Structure formats: C-alpha cells, structure tokens
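Protein chains in written order, with this note's numbering: chain Y, 770 to 932; chain R, 770 to 932; chain E, 770 to 932; chain A, 770 to 932; chain Z, 770 to 932; chain U, 770 to 932.
Careful: at least some of the hints might be erroneous.
In silico DSBU-like pairs for lysine-lysine, Cα to Cα no more than 35 Å straight-line [as the list claims (entries may be wrong)]:
hint, chain 1, residue 1, chain 2, residue 2
1, Z, K883, E, K883
2, A, K883, R, K883
3, R, K883, Y, K883
4, E, K883, Y, K883
5, U, K883, R, K883
6, E, K883, A, K883
7, Z, K883, U, K883
8, U, K883, A, K883
9, Y, K883, Z, K883
The calculated label-pair distances, taken between Cβ atoms and stated as ranges, are [claimed, not checked]:
hint, chain 1, residue 1, chain 2, residue 2, range
10, U, D825, A, A833, 53 to 59 Å
11, R, A830, Y, D809, 46 to 52 Å
12, R, D836, Z, A813, 29 to 35 Å
13, A, R835, Z, D825, 55 to 61 Å
14, A, G824, R, Q817, 43 to 49 Å
15, Z, Q817, U, Q817, 24 to 30 Å
16, A, A833, Z, Q817, 48 to 54 Å
17, R, D836, E, D825, 40 to 46 Å
Calculated directly from the structure, the hints in this document are not laboratory data.
Predicted, not measured: the structure shown is a model, and the values here were computed from it.
Every residue, glycine too, gets a C-beta built ideally from N, C-alpha and C.
6 protein chains.
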Amino acid sequence: MKNRQEWILDVPSPARFPRDPQDDGKDAGAPPNAEVVREDSRRARGLQTLTELTGDAGAAAIDAMRDIAPEFADWIVDFSYGDVLSRPGLDRRTRQLATIAALTALGNARPQLKVHVQGALNVGCRPQEIVEVMMQMAVFAGFPATVNALAVLREVLGGESGG
Amino acid sequence: MKNRQEWILDVPSPARFPRDPQDDGKDAGAPPNAEVVREDSRRARGLQTLTELTGDAGAAAIDAMRDIAPEFADWIVDFSYGDVLSRPGLDRRTRQLATIAALTALGNARPQLKVHVQGALNVGCRPQEIVEVMMQMAVFAGFPATVNALAVLREVLGGESGG
Amino acid sequence: MKNRQEWILDVPSPARFPRDPQDDGKDAGAPPNAEVVREDSRRARGLQTLTELTGDAGAAAIDAMRDIAPEFADWIVDFSYGDVLSRPGLDRRTRQLATIAALTALGNARPQLKVHVQGALNVGCRPQEIVEVMMQMAVFAGFPATVNALAVLREVLGGESGG
Amino acid sequence: MKNRQEWILDVPSPARFPRDPQDDGKDAGAPPNAEVVREDSRRARGLQTLTELTGDAGAAAIDAMRDIAPEFADWIVDFSYGDVLSRPGLDRRTRQLATIAALTALGNARPQLKVHVQGALNVGCRPQEIVEVMMQMAVFAGFPATVNALAVLREVLGGESGG
Amino acid sequence: MKNRQEWILDVPSPARFPRDPQDDGKDAGAPPNAEVVREDSRRARGLQTLTELTGDAGAAAIDAMRDIAPEFADWIVDFSYGDVLSRPGLDRRTRQLATIAALTALGNARPQLKVHVQGALNVGCRPQEIVEVMMQMAVFAGFPATVNALAVLREVLGGESGG
Amino acid sequence: MKNRQEWILDVPSPARFPRDPQDDGKDAGAPPNAEVVREDSRRARGLQTLTELTGDAGAAAIDAMRDIAPEFADWIVDFSYGDVLSRPGLDRRTRQLATIAALTALGNARPQLKVHVQGALNVGCRPQEIVEVMMQMAVFAGFPATVNALAVLREVLGGESGG
Numbered sequence: 770m771k772n773r774q775e776w777i778l779d780v781p782s783p784a785r786f787p788r789d790p791q792d793d794g795k796d797a798g799a800p801p802n803a804e805v806v807r808e809d810s811r812r813a814r815g816l817q818t819l820t821e822l823t824g825d826a827g828a829a830a831i832d833a834m835r836d837i838a839p840e841f842a843d844w845i846v847d848f849s850y851g852d853v854l855s856r857p858g859l860d861r862r863t864r865q866l867a868t869i870a871a872l873t874a875l876g877n878a879r880p881q882l883k884v885h886v887q888g889a890l891n892v893g894c895r896p897q898e899i900v901e902v903m904m905q906m907a908v909f910a911g912f913p914a915t916v917n918a919l920a921v922l923r924e925v926l927g928g929e930s931g932g
Numbered sequence: 770m771k772n773r774q775e776w777i778l779d780v781p782s783p784a785r786f787p788r789d790p791q792d793d794g795k796d797a798g799a800p801p802n803a804e805v806v807r808e809d810s811r812r813a814r815g816l817q818t819l820t821e822l823t824g825d826a827g828a829a830a831i832d833a834m835r836d837i838a839p840e841f842a843d844w845i846v847d848f849s850y851g852d853v854l855s856r857p858g859l860d861r862r863t864r865q866l867a868t869i870a871a872l873t874a875l876g877n878a879r880p881q882l883k884v885h886v887q888g889a890l891n892v893g894c895r896p897q898e899i900v901e902v903m904m905q906m907a908v909f910a911g912f913p914a915t916v917n918a919l920a921v922l923r924e925v926l927g928g929e930s931g932g
Numbered sequence: 770m771k772n773r774q775e776w777i778l779d780v781p782s783p784a785r786f787p788r789d790p791q792d793d794g795k796d797a798g799a800p801p802n803a804e805v806v807r808e809d810s811r812r813a814r815g816l817q818t819l820t821e822l823t824g825d826a827g828a829a830a831i832d833a834m835r836d837i838a839p840e841f842a843d844w845i846v847d848f849s850y851g852d853v854l855s856r857p858g859l860d861r862r863t864r865q866l867a868t869i870a871a872l873t874a875l876g877n878a879r880p881q882l883k884v885h886v887q888g889a890l891n892v893g894c895r896p897q898e899i900v901e902v903m904m905q906m907a908v909f910a911g912f913p914a915t916v917n918a919l920a921v922l923r924e925v926l927g928g929e930s931g932g
Numbered sequence: 770m771k772n773r774q775e776w777i778l779d780v781p782s783p784a785r786f787p788r789d790p791q792d793d794g795k796d797a798g799a800p801p802n803a804e805v806v807r808e809d810s811r812r813a814r815g816l817q818t819l820t821e822l823t824g825d826a827g828a829a830a831i832d833a834m835r836d837i838a839p840e841f842a843d844w845i846v847d848f849s850y851g852d853v854l855s856r857p858g859l860d861r862r863t864r865q866l867a868t869i870a871a872l873t874a875l876g877n878a879r880p881q882l883k884v885h886v887q888g889a890l891n892v893g894c895r896p897q898e899i900v901e902v903m904m905q906m907a908v909f910a911g912f913p914a915t916v917n918a919l920a921v922l923r924e925v926l927g928g929e930s931g932g
Numbered sequence: 770m771k772n773r774q775e776w777i778l779d780v781p782s783p784a785r786f787p788r789d790p791q792d793d794g795k796d797a798g799a800p801p802n803a804e805v806v807r808e809d810s811r812r813a814r815g816l817q818t819l820t821e822l823t824g825d826a827g828a829a830a831i832d833a834m835r836d837i838a839p840e841f842a843d844w845i846v847d848f849s850y851g852d853v854l855s856r857p858g859l860d861r862r863t864r865q866l867a868t869i870a871a872l873t874a875l876g877n878a879r880p881q882l883k884v885h886v887q888g889a890l891n892v893g894c895r896p897q898e899i900v901e902v903m904m905q906m907a908v909f910a911g912f913p914a915t916v917n918a919l920a921v922l923r924e925v926l927g928g929e930s931g932g
Numbered sequence: 770m771k772n773r774q775e776w777i778l779d780v781p782s783p784a785r786f787p788r789d790p791q792d793d794g795k796d797a798g799a800p801p802n803a804e805v806v807r808e809d810s811r812r813a814r815g816l817q818t819l820t821e822l823t824g825d826a827g828a829a830a831i832d833a834m835r836d837i838a839p840e841f842a843d844w845i846v847d848f849s850y851g852d853v854l855s856r857p858g859l860d861r862r863t864r865q866l867a868t869i870a871a872l873t874a875l876g877n878a879r880p881q882l883k884v885h886v887q888g889a890l891n892v893g894c895r896p897q898e899i900v901e902v903m904m905q906m907a908v909f910a911g912f913p914a915t916v917n918a919l920a921v922l923r924e925v926l927g928g929e930s931g932g
C-alpha cells in the first residue's frame, strides 16, 4: 500500500475528479478559498441543491420550520445542502445512495429517509439501485433496518402518503 | 411520479443493469433461480468476493473465528459475501461506499469499517471518495461519527497498526 | 476458568444439547454438513420456522415484499428463519426472549418487535416472561426502551391494532 | 388470542413461576410489598446477586467508582442487581442470555458485555449457548455486532486480558 | 489540572451546591444515608418530582402501565423520579435540558421526549432554550435528530395531539 | 398552555436572553443577518470558541486532520464551533452539559466525550455537575452508558492518558 505521503500527492483536488457523466461540472463553482466565500453563495448553492434533490417539497418543509427555529432552517440550507450535499468529488447518485445507506442503518430517521429516497430518484437513481443499497444494509445493521427502509421506498414509489 | 405498477414493469432485472465499466459482468453467474442453487456456489462466490475485497486478510480473520463459531464463519462467507456483497445491480465501488456510509453512521463497528475501507481501496475507490462519504455522514449521524471514521481511514492509508 | 482448549473439547455439538423439554428434537434435521446442503432445505426449514413463530401473518408480510425486493424476501426465509432462528442449541423460548431483548434495546424496530412478541407467545413464552425481559432492558438500554416495548406487548395482548 | 382481561387473570404471580431447576426459590424473599421494603434489603439482595454473577470482580469494579460517583455505585447494586437482575420470574440463565443479546445488539458496551458473559458462565450457561445468542443477533443488529461480541467471548474463555 | 486527589477534596457535597436561584433547597431532604432510607421516602419524592415535571399526565401514563408491569411502574417513580431526577446538584432546568439533549440524540424515544419537553416548560425552561439544545444536537447526532425533535417541540407548544 | 402564536410573540430574540452571569455578552456580535455574514467571521468566532473550550488541544487535533480532510477541519471550526457552540441563548456551562448528556447517551463517541468533558471544566462546570449529568443518563440510555462515561471523566480528572 502507498504510504500517506504518497497518497496525499496522489489525491486530485476535489474540483478535478468528477467520475460520472452526470457530474458535468455544474458544481465547479465550489469555493476555491473558504475564507473569502460569502454566506450568500452558500445559501444560493444550498437552495439549488435542495431544489434539485427535493423539488419544491424540501423548501416547503424547511420553511415550515422557520417559525420555531429559523437559524436551524438556514443551517439545513447553508450547511447540509450548501456545504455538504453540493460538493463535487462524488456524483450525486452516489451521494444519495450513501445517504440512503446511512439512514437505513440508523433506523430512526424515517422522514429524512423518505425525502432522500425521493431525492435519489430525482437525480437519476433507479429504484432497483435503492433496493440494492437497502438490502445490503441487512448485513451491517440487521434485517429490521432493511425491512423498514423498504417500506419507506414502497411508499415513495406508490405515491402513498402513509407515514 | 410513476405508480408502483409502472415502476415494477420498468425495473430491469438485476442481471441486466451493470452501470459501471468496472462491473464487467464477472458477477453474471449469480443465481437465476434461488431454489436450485447449491450451497457450494454460494460458498465459492462468497470466497471470491471476500478475496477481491479483503485480499488474504478477510479469510484469515474469518478462519480465526472457526474455533468458537464455525457456522457463523460460514454465514459471513455464504450470506454476507456470497449472497449480498457479490450481487450485481450496483458496481462494487458504490457497494463499498454504501458500506462505509453505514459503518461510519453506526459508529460502533470500527474493525469492520477498517476492513471495508481497505476493501473500497481494493476495488478502485479513490481515497478522496471515501473522505467524501465520511464527511457527508456528519450531516446524518453527527460530527463525531465522521471524525472517528476519518481516523480509521488514516490508519489504513498510513499502514498504521493503531486501533 | 477453563482455558479455550478445554472449553472447545467440552462443547457438545449443537445437535446434542437441547436443554429444554420443549426442544424435542424436531430441529434435529439441521445441516450436518453445510457444504452439501441445498437451498431448498434452507427454504423448507425457514418456512416451517416462520409458520411456527408467526402463524400465517409472517408469510403474508414477506409475500407483500416480493414485488419490491423478492430476493430480500427469500433472505428472510432462508437466512433469518432457515439458518438462524431454526437452529438447535437453544430452545425456541429462549431464542424468542433473546430476540425481544435485542429489539427492545435497539428501540427502532417496532414492527419486528410486535412480530416476535407474538412469536414468543406462539412458542409458549408466558406474558410475564416477556414483561421480565423488557423490564430488564431498562438497566441496559434505558427506561424509554422498556416503556415503548411494553406498549407493543400490550397491543399484542389486547389484540389492539394500534401502531 | 385472549383479550387483556383474561390474560391478566391468567398471569401467575412472579413468585410462582420459576421454570428452571436452578431457580430454586432462593429469590423468594423478593418484596411482597414494595412500599415497606427497606433500602438495606435491596442492598443485601443486590450484593448477593452481584457476587453470584461476577464473583469478586464486580464488587471491585463498583468500589473503584465510589470515589467519583458513590451514589451511582449504590444504584448499580441496589437497582440493577437488587431490583432487576435478582428478580424471580426468569431463571438466571435466561436473564444472562437476554442481557448478552441486548449488549451484543447495542454494540457500545463492551466492558459490560465482558462482565455479563462471565456472569452467564458463572450461573451455568454453556459457552455454546452464548455463541448461539450472539449469532442470532446478526439477524437483528447486523454481522459486525456479532463479530465484535464473539471477540469478547473469546477473551473471556481464553482468559485473555485484551480489550 | 488538579489531580484526582485534590479534586475529591474540592467537591462540595451534593447538598451544598445549588447553583440556581430556582434550586431553593426544596430538595434538601435527599438521603443523607442511603442505607437507612425507606422505600416510602423514595416513592414520595418520586411522586412529587413526577408531578412537578409532568402535572397529572405523568402519573396517569404510569398508572396505565400497572396492569401489565406494576413493578416497572414503581421503578419509574422510585428510581427515575425518586432517585435520579429529584437529585440536588443540578437545578431542574439544567436537568431537563440534559434529558432533552439525550432524547434528541438517541432519536428513538419520541413519547418520552414529548413528556420531558413539557416537563422542561413546567420547570421554567423557555422555549428558545429547548430550541437551542435541540439545534446543538445536530452537531453530535446529526440533522435528522434535530429536525425530528423540533417537530415534537412544535407539537407540545401548539397543543397538538399528534404523535 | 399558550398556543404557538402567543409563544412566538413571547420568545425573546436569541441576542436578548443570556440567563447566566457568565454569559456576559461577549457573544453579542453573533450574526444579525446571516445572509451578509462573511465566512471569516464564522472562522474567527469558531476559533475563539474552540480555544475557550479546549485550550490548545482542540486546534491541534483539528490541524492533524487537515492532511486528510481539510474542508472537514474547516467545518468543525466554522459550523460546530462558529455557528453552533458559540451561540448565545444558552450559557456555555449548560451547552457543555447538554453535549455531555448527548455523548454519554450515544455511547460511541468516546474521544469527543473526553474533549467536551475537558471543555466543560474549562468553562466552569464543576466535576460534580458533570457526574450528575452522566448519572442521569442511566435513566435514558442505560447503566453501561453512564459507567463508560464516568470512566472518561475519571481519566480527564486524573490527568490519565488512557483511552
């Protein structure tokens, strides 16, 4: 194995390794220098990613939180979507499948799993790919985690409103 | 959104949707009909996937478990590697990144995270992709989960033995 | 304490230590040699155990999963029920109580807890034994885990449909 | 199924259903009327159960906690061992196996798992029974939970001090 | 840093460090000598704290549990409220905020979070303080934990019955 | 109870409700308008809070992460410390005790618990207050969570290096 020194030299900068045709560089405006980035670019990037993943549903859900915790609503947009989920370095489909893996394994974030299953479909994940990730979680988090996640997927695919 | 009926018709059979050039069909021998598959094909497929992901390390670790729980050692090979991790339907890199997402989020499976980080590197994931998945987990499972996972990644990359 | 060597010599083979009168040997057909066991015996054993634990309810629930994840439905039957829950070595009542302990402690698998509470009653666990296991979990997983599990038990005992 | 009313009538009082020859009634002094029980009987009962399960090791570990949190040391003796683990209603072996199930599934309580594996051996659980419970947890909490628990069991059986 | 020896000498007895004007000494009757404390004082202290935190709701919920697990209902009163939540050493508002932090982070105890949010309001926590604690949990347990906890807070504040 | 409308009117703006003498307004420079705040103020505020809580240790730990995940190191400073832990609205002692509650309950973030125990001492929490919070967690997350957290506290207080 390479040692860490070699590995560091070997790592492409995040801006240089889109690996998927879908990752067509639209994220390339990400911050080259975090210190001088203004909040408004985080906000704009966050809102764009939020819309790409969730359509109008995500913004509505976040707005509903503004009466009780307005700064937290901002953090979701600025940090979760603006800093994290909009990063280049992984194509969006892999990001969404990784999110589904985590939420399936944690097992206590059903509303969020529902949002991100829809988001995965929105960025082009096939239903069967989502099924595959959820099935794989049976190995790492147990069968109940997978059963309950598949039920969420079925709701989203069937357009059911259940919860 | 499509309703479930349409979705079902739309789903390609698992055997037909490798999406990644690395997924070159070597998994294509997966069971077309589970009822008539013999245990020995699960075993063979499991051992092959185990070796591809972990080199010799995984087999050694599993063998060390045979004195105390031999059937469980078999289950790891037959079920985890033979049934689950060797499935087509997701390329191996996405599978490994999904595993890393889950183990990072769960936060209580450090030895397994180490094995699967190594496995991810073995099937062609770039270190930066693993970093990306671990960073993303800060949103879903909290910052400590990411910090502790990055420490495992550093150990693997540096060839450190720490634990 | 005995060292590991002595312990290994001391361990009866799984097939030889039913410890409970209820464990009357009906499991004795378990695989003497995993390598040559065919899938269809796992399937048959799994379906039998599934029915013993859940009556018709379990099979119906699993069948409902076949449209979205047919292989996962098979894994539940073949692995969870066929390989694991049908093993000799523990009487069924102890197996079900151990399952209830785990699902109570994990706290995020309410539907599965409900199924296995019913399964425990089906194989002869007394309600008070289930209560005891759930109460004991307050020590290891906290009081909320026990409160929420007891609510599941009450639903099952009262024949309530709540969820 | 019986309704709740019938079930309640059907439940034997805890003091009346020891189901195991080992459960020879030595717990029969448990509180017939909680309101008038004095702390010193909880303490005495707790210390007795602590010794039965852990030999001298448990008392030593708890005493080491007295400098920093003396009341918490008391709670362990009085509540965990005096109120909970000393209850009749389940034989001690089933209690210990339920504890092992929970701690295996939770996966973040390794020191406690070690204590209770030893405790299980002390009250007559066979190593293979402990293996069975740990293996079963792979279904409910994932394979890493079982792997890590089996490592703890091996330490205890081998008299290893590793951690 | 002080070493442990110095620290021990430095620790005021629990009874001597109320730090908050609200902590006016009404807890001062706490056990000076655990060995001679009778159960009935734990019970009385527990019921008083239960009422202070939950009004009549808590007692009703606990009474509803008496048919199925009467001793567990007692443990909640005697141990959770009588031994733990009624302790001096932390003012009640900090205790409730710590509880809210834990239940938000655990994410699988929604009914209990609801009770303790109401309890926090009952002992004088401001809604914005509860919001702050829940927001802070995004760092340690992830954003879904906070989103779901804020939904519980909104229910309590809005007098909604959902749940 | 007030309805939500009344509650919203009743909530002081975060900048107006320091409740503790230690919260002397040094945080008052927090963003009045998030949209125009520049990254460099988040960074500066984060570094200041990091130093107040962790002395030099935190910065060193974060710097060590820069080779492998530099943006994540920034997120810790900017988001965790700059956005969240530096907020007014709760005095720092309550913030640290809430963090300790969460990390004790989660049970899989030992290194972070150690940092925040030290941070709590640094901002004036008394050891006994930390003990109280950890003891309280036995109710919500089980006794092992508290035992393991107390061991971390003892390490910090004793200046032990164990880990």
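Hints, verified against the model:
1. Z/K883 <-> E/K883: Answer holds: Z/K883 to E/K883 is near 23 Å, not above 35 Å.
2. A/K883 <-> R/K883: Within the cut-off at roughly 23 Å; holds.
3. R/K883 <-> Y/K883: Answer holds: R/K883 to Y/K883 is near 30 Å, not above 35 Å.
4. E/K883 <-> Y/K883: Holds: E/K883 and Y/K883 sit about 23 Å apart, inside 35 Å.
5. U/K883 <-> R/K883: Status holds; Cα separation ~23 Å.
6. E/K883 <-> A/K883: Holds: E/K883 and A/K883 sit about 30 Å apart, inside 35 Å.
7. Z/K883 <-> U/K883: holds (29 Å)
8. U/K883 <-> A/K883: OK: U/K883 and A/K883 at ~23 Å, within 35 Å.
9. Y/K883 <-> Z/K883: holds (23 Å)
10. U/D825 <-> A/A833: 53 to 59 Å: With Cβ atoms ~31 Å apart, the hint is violated.
11. R/A830 <-> Y/D809: 46 to 52 Å: At 51 Å between Cβs, range holds.
12. R/D836 <-> Z/A813: 29 to 35 Å: Roughly 56 Å apart at Cβ, these two residues miss the hinted range, so it is violated.
13. A/R835 <-> Z/D825: 55 to 61 Å: Between A/R835 and Z/D825, where Cβ atoms are some 39 Å apart, the hint is violated.
14. A/G824 <-> R/Q817: 43 to 49 Å: holds (47 Å)
15. Z/Q817 <-> U/Q817: 24 to 30 Å: violated (43 Å)
16. A/A833 <-> Z/Q817: 48 to 54 Å: Since A/A833 and Z/Q817 have Cβ atoms about 34 Å apart, the given range 48 to 54 Å is violated.
17. R/D836 <-> E/D825: 40 to 46 Å: Holds - the Cβ-Cβ distance for R/D836 and E/D825, about 41 Å, lies within 40 to 46 Å.
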